[in-house]
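Novice: All chains, please: the whole structure from these sequences, using the hints.
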Amino acid sequence: MNETSTDSEQKEQTKQRSFPERLSFGIAICILGLLIFLILYQWKVQENEPPILTVTLDQEIRYFGTQFYVPFTVYNIGGQTVKSVQVVGELQIEDENLQQGGEQQIDFLSAGEKASGAFIFTRNPEDGKLIIRVASYKLP
1 MNETSTDSEQ KEQTKQRSFP ERLSFGIAIC ILGLLIFLIL YQWKVQENEP
51 PILTVTLDQE IRYFGTQFYV PFTVYNIGGQ TVKSVQVVGE LQIEDENLQQ
101 GGEQQIDFLS AGEKASGAFI FTRNPEDGKL IIRVASYKLP
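Everything in the sequence shown is counted per our numbering, starting at 1 for the first residue and increasing by one.
Don't take every hint at face value.
[To be verified] Computed beta-carbon distance windows for the label pairs:
(1) Ala135 x Ile93: 19 to 27 Å
(2) Gly65 x Val45: 45 to 53 Å
(3) Pro140 x Cys30: 31 to 39 Å
(4) Tyr41 x Gly65: 51 to 59 Å
(5) Cys30 x Asp58: 35 to 43 Å
[Said to hold, decoys possible] Distance condition first, Cα-Cα at most 27 Å in a straight line; then the derived BS3-like pairs of lysine-lysine:
(6) Lys44 x Lys15
(7) Lys129 x Lys114
(8) Lys83 x Lys44
(9) Lys138 x Lys83
(10) Lys114 x Lys15
(11) Lys83 x Lys114
(12) Lys129 x Lys44
These are computed hints drawn from the structure, not numbers from a lab.
Quantities reported herein were computed from a predicted structural model and do not represent experimental measurements.
Every residue gets a Cβ at the ideal spot worked out from N, C-alpha and C, and that includes glycine.
Specialist: Written out as structure tokens, the structure is:
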């Protein structure tokens with residue numbers, strides 16, 4: 001009899017939770033529910049926004065040997081993920097009607113992500129007009 005009453009008392013004690021335990025469990029459930037709601041809301045809002053791609057020249061042009069390195073960064077500030085982003089760099093020098101160009105391809109750029117690269121020219125980009133732009137992309 002003694003063993004049975006001890007077992008039932010232990011079961012009663014394990015079933016009853018203290019107030020701090022119940023409070024912390026309730027707070028944890030609320031936080032989890034809020035996180036799930038925010039993830040679903042963000043997913044729904046981003047789904048309707050098209051990709052918006054911008055290119056910036058963040059660093060100075062570097063000179064090494066006979067080559068000029070022009071670093072750039074592409075940002076996807078839109079809502080959708082893109083792939084096969086094509087970035088084109090052109091250098092137009094008016095005196096000689098010379099146009100040098102190059103292209104870079106970025107495989108994957110998700111919403112809010114950025115990717116960096118550099119174009120390499122044999123002429124000084126400061127001698128002409130430098131144009132770096134996004135030419136195309138694909139939706140996955």
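Novice: Confirm or reject each hint.
Specialist: Against the structure, the hints come out as follows:
1. Ala135 x Ile93: 19 to 27 Å: holds, 21 Å
2. Gly65 x Val45: 45 to 53 Å: holds, 48 Å
3. Pro140 x Cys30: 31 to 39 Å: holds, 35 Å
4. Tyr41 x Gly65: 51 to 59 Å: holds, 52 Å
5. Cys30 x Asp58: 35 to 43 Å: holds, 42 Å
6. Lys44 x Lys15: violated, 41 Å
7. Lys129 x Lys114: holds, 25 Å
8. Lys83 x Lys44: The hint holds at about 20 Å.
9. Lys138 x Lys83: holds, 5 Å
10. Lys114 x Lys15: violated, 52 Å
11. Lys83 x Lys114: holds, 12 Å
12. Lys129 x Lys44: violated, 42 Å
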